[in-house]
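**Q** From first to last, the protein sequence lines stand for chains U and D.
Every position in the first sequence, counted from 1, becomes a number in the numbering used here once 98 is added.
Every position in the second sequence, counted from 1, becomes a number in the numbering used here once 896 is added.
These are calculated hints, taken from the structure and not from any lab test.
Just to be clear, a hint being listed does not mean it is correct.
Stated by the list, open to error - Beta-carbon label-pair distances, calculated as ranges:
| no. | chain 1 | residue 1 | chain 2 | residue 2 | range |
| --- | --- | --- | --- | --- | --- |
| 1 | U | E121 | D | L1177 | 12 to 22 Å |
| 2 | U | L143 | D | D1113 | 36 to 46 Å |
| 3 | U | Y243 | D | P1269 | 36 to 46 Å |
| 4 | U | L143 | D | G982 | 52 to 62 Å |
| 5 | U | E125 | D | E907 | 32 to 42 Å |
| 6 | D | I1168 | U | H119 | 20 to 30 Å |
| 7 | D | N1022 | U | L244 | 30 to 40 Å |
| 8 | U | Y225 | D | S936 | 32 to 42 Å |
What the hints assert, rightly or not - Below 27 Å or equal to it, Euclidean Cα-Cα: the simulated DSS-like pairs (lysine-lysine) are:
| no. | chain 1 | residue 1 | chain 2 | residue 2 |
| --- | --- | --- | --- | --- |
| 9 | D | K1167 | U | K220 |
| 10 | U | K129 | D | K1024 |
| 11 | U | K177 | D | K1246 |
| 12 | D | K1176 | U | K112 |
| 13 | U | K129 | D | K1176 |
| 14 | D | K1024 | D | K1224 |
| 15 | D | K1167 | U | K112 |
| 16 | D | K1167 | U | K177 |
| 17 | U | K129 | D | K1240 |
| 18 | D | K918 | D | K956 |
| 19 | D | K928 | D | K1246 |
| 20 | U | K177 | D | K1176 |
| 21 | D | K1224 | U | K132 |
| 22 | D | K1246 | D | K1024 |
| 23 | D | K956 | D | K1120 |
| 24 | D | K1120 | U | K129 |
| 25 | U | K132 | D | K928 |
| 26 | D | K1246 | U | K112 |
| 27 | D | K1176 | U | K132 |
| 28 | U | K132 | D | K1049 |
| 29 | U | K112 | D | K918 |
| 30 | D | K1246 | U | K132 |
| 31 | D | K1260 | U | K129 |
Backbone N, C-alpha and C fix where the C-beta goes; we use that ideal spot for every residue, glycine too.
Now for the letters of each chain:
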Amino acid sequence: MMSSETATHTHIVKTEVLAMHFERAGEGSSKIKKSLQLIGIGPELLRRIAIISYEAEMNLVIHSLGGEISCEFYPDQVKIIAKDHGPGIANVEQAMLEGFSTATDDIREMGFGAGIGLPNIKRCADYLEVESTLGIGTTLVATVYL
Amino acid sequence: MEYFHSVQLREKFCNGCTLCVKVCPTEAIRVKEKAEIIGSRCIDCGECIRVCPNHAKTGKVDSLTDLENYKYKIALPDPAIFGQFGKTVNPNKILGSFMSLGFDEVVDVALACEYVSLAIKQVLRNHKGVPFISASCPAVIRLVQALYPDLIKYLIPVESPLEVAGQMALDLGLMKGYESHEIGIFYISPCPAKMTAVKQPVAREISTVNGVLSIVDLYGNILKFTQTDKCKPKDLKAKGLGYGWARAGGESLAISCSDNVVIDGIEQVNKILREIEIGKLTDVEYIECWACVGGCVGGPAVVENPFIARVRVRKLAESIGGALDEQKLLEVPPQYFDWQTALKPRQILKYDSDILNAISIANKVQEILDCLPGFDCGACGAPTCRAHAEDKIQGTTQEINCVFQKKESKK
Ligand code: SF4
Ligand code: SF4
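Pulled out of the complex, with its shape left as it was, chain D reads as follows (with noise of 0.2 Å):
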């Protein structure tokens, strides 16, 4: 299966530093002369993006252009905008600006996460046992995936704030009198993760959304768009549990779960899916992670420092609180949160098919190993010596690089 990725290099302004390569946690990157990324590993989850200092990496996502594909256009815009502007932007005129920008129409996936929550909160009333990981976060999904295959089935299996959002505003189209073929939805996108989720799906075949934009994309003409009059304000129609979805946190709040662990920050997920993985971490309710620090706020396609971000959406989520109220979840059909088709692991890492091939490969590795100092320093552009043997032995690198190799490889 070919995965789809959205974080790409511009070549042009990648300078070959490797820098890249050691925060990959999948293993992803060797740099040759430029950093090249290996499609199947990247999970998107942006730290690259975010390491890099010639702002080389960058996550591909559609245009403003592409909306003139379509007659009927909806803006989904991800909770995280409303941590991206200060004081002296009103956040019914960040809603506003999206039919500046050309749109016909906004769906807030603040009221998209309500819902969500609500469905979590009834799948988590009837469970017992080891506690679910929440599925919101693609890179997290992607994550497990391809490194914890086995705790896939300890994800919540609820469709995400994204997918629901996506099917509210078909539904919108729909009964504007638009063919669906006409209407355009566009999810305002904090990260290139969620870009991925639309482009390759993992719970379901097709995405009901048509395309992506960043945030970062839009932050100068939204910026503009809401100092002018010609910008008219619109209501932000979700409870403030909706909004504080965008911060780490936000999501146990939402289902109203006390019992429960907030983990951001790929690194620390990483480490935590570990534990799970040998048993630990059984005596919660709910693991809620995000790959970035501090949740969607901090999302590599942002503009604001995710600790000014988070603290403004908390804000707003607390100046215009409510409760979600259960009755509110007969509003949408309940097979909007269904996934479609089962996850499947992902095992990247996996030197043959044929265990006793695998089990070969892995001593002619060891054989290599053995001549390398093992400083895992990333100067021969591979994030580990041992990833730069496996290079050499699958025939992607030809020559054993190694700036301190001790002594030449006997075979």
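So that you can see chain U by itself, here it is in the shape it has in the complex (with noise of 0.2 Å):
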């Protein structure tokens, strides 16, 4: 919950995403989008927050056992959050080259994890953090300046 000081100059959108669940894979992002829109972020930086979110939501339905995407606004930047409840990333370094992926052989055949996810998020935002253990799970955080 967000404190009464701190909220007039933040405000947050979160949204439950689960493991393997492809039928809503894309409605936080979604629900991301429509705010961006409602406090008038401009098209440019709109649809590179709208990449991040979705490749971070479509990460946490094919890669971990469940997690929450959230946005938060700034007046200055917006960060993309996707924490996950595991399974963790060995090699947060190597995970983020173009065409390094984890996903399942199953996966891949579907279609998804081409691992084009984390270089993509790179790509698009201004500071990428990823920070994860093995066991526990990961949190990316992708910072876009407006």
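Take the two lone chains, each set in its own frame, and fit them into one complex as the hints suggest.
**A** This is how it looks when you write it as structure tokens:
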């Protein structure tokens, strides 16, 4: 919950993401996109943030055991935060590389997990932090300056 | 900027049922006692016209009496008209009937469709990279401006058949010795979106077309005239591919693009635009989009069932056949296809131009939203609980009107 102190300067939009539920994949990022429009983020930034939130959400659906995607609005920046409860990424640097995917063969056959998620997010974000602990989970924070 | 829109409510027919509220892709409708359309949001897609059981929504168009303002009157029948009548009505007579209706000349829009197809083909030939989105359905263009402003650059910058036909008609009138103010050019339209495209064009200051009549309004008269001997048939001058534009897929056929997708119906168009926005769907060359199911044969201002009309148009197009010859493009000045002004985004949802204010409004909306059930049932007259909360914060509604409200808003 946000404190009433900061409440007027930040706005938070949050959605729970369920692992492997492709029928609802994209709902979190839809909600985020709508709020970007309501807050009046311009076309170019809107698209970059929309791509980040979609890829981050898909990462949660495909690779994680479930988690939550949220968007925090500040007057000068927007943060997309994807937090999951595992399994964690063994080698974060490697996962950032183009073409590297930890998706299982099943998922690759479905046409997802071609390993473009993280590099794509990196391209669209001004600043990207990924913290991961095996067995615990991953937190991704992508910042876009307005 | 004031936005023109053509879809209107006929109050006396509206019983306030709220059915239209939920189908509007831009959340433009609220029902208080009766439905109200928020003008800046309406993209004239016609969904509310289709869904209203009381026929309370309608597209405002011109009427035949407006012909009296001009000396030389030219009709531009949309190709969708050929799907409206059964086997017993000769298509040549459909064109001829416009002379009986009081016009002096007819310019077959299918011919303009041919030219536009060739012009699009040229643009595609030199194009690499992200796919182009077709820009012929004015409702789709407005949806892009409103909800997908960053995709404006993907709309193919080629004038629509409507404007190209308008310029052809103007040339014809001038050639006959009339002055431009004496020439009245009327589009015979399947939809209110094309009325809006004439009254407030997106890629030019003023349309060459002077007025718009709807197919549904003229239907009865055309049917009658085509049955009489006084109505002289007029030759169909376009190739089959030109007439094919009336149905979804016809444009792609005419530009001979096989690496394409065709999407019809505003809901599906909305979905695909979203996919394009997040960088999917890069592996095709052309994306043909129509607001109406079936394409213009499914327009809100036509009479016939869209599936039947679609088959008829296909049959007509196939029976005429023929190929498009690139040399033909030399018949019209190249600038006819140019956009004269840049397309601008239309930020309709934005809370406030100041981001701090916008954020604080978002939080106030959230506070109210936390007290609403989130059913998005529409009973309050707004499409979603969020929209209702926004209306309250922005002062367009005085009271939270929720039939299920859990508890009073704290503030
Ligand atoms: S025409 Fe379309 S955009 Fe306009 S009010 Fe009706 S449903 Fe909404
Ligand atoms: S698909 Fe055709 S009839 Fe329907 S709104 Fe678009 S231009 Fe008009």
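**Q** Next step is simple, just say for each hint if it's right about the structure.
**A** Structure-based check of all given hints:
no., hint, in the structure
1, U:E121 / D:L1177: 12 to 22 Å, "holds (20 Å)"
2, U:L143 / D:D1113: 36 to 46 Å, "holds (45 Å)"
3, U:Y243 / D:P1269: 36 to 46 Å, "holds (37 Å)"
4, U:L143 / D:G982: 52 to 62 Å, "holds (53 Å)"
5, U:E125 / D:E907: 32 to 42 Å, "holds (37 Å)"
6, D:I1168 / U:H119: 20 to 30 Å, "holds (22 Å)"
7, D:N1022 / U:L244: 30 to 40 Å, "holds (36 Å)"
8, U:Y225 / D:S936: 32 to 42 Å, "holds (36 Å)"
9, D:K1167 / U:K220, "holds (25 Å)"
10, U:K129 / D:K1024, "violated (32 Å)"
11, U:K177 / D:K1246, "holds (19 Å)"
12, D:K1176 / U:K112, "holds (24 Å)"
13, U:K129 / D:K1176, "holds (18 Å)"
14, D:K1024 / D:K1224, "holds (25 Å)"
15, D:K1167 / U:K112, "holds (22 Å)"
16, D:K1167 / U:K177, "holds (25 Å)"
17, U:K129 / D:K1240, "holds (24 Å)"
18, D:K918 / D:K956, "holds (22 Å)"
19, D:K928 / D:K1246, "holds (23 Å)"
20, U:K177 / D:K1176, "holds (22 Å)"
21, D:K1224 / U:K132, "violated (46 Å)"
22, D:K1246 / D:K1024, "violated (34 Å)"
23, D:K956 / D:K1120, "holds (24 Å)"
24, D:K1120 / U:K129, "violated (52 Å)"
25, U:K132 / D:K928, "holds (25 Å)"
26, D:K1246 / U:K112, "holds (20 Å)"
27, D:K1176 / U:K132, "holds (19 Å)"
28, U:K132 / D:K1049, "holds (21 Å)"
29, U:K112 / D:K918, "holds (24 Å)"
30, D:K1246 / U:K132, "holds (10 Å)"
31, D:K1260 / U:K129, "holds (17 Å)"
Of the hints listed earlier, those the structure fails to meet are numbers 10, 21, 22, 24, in rising order.
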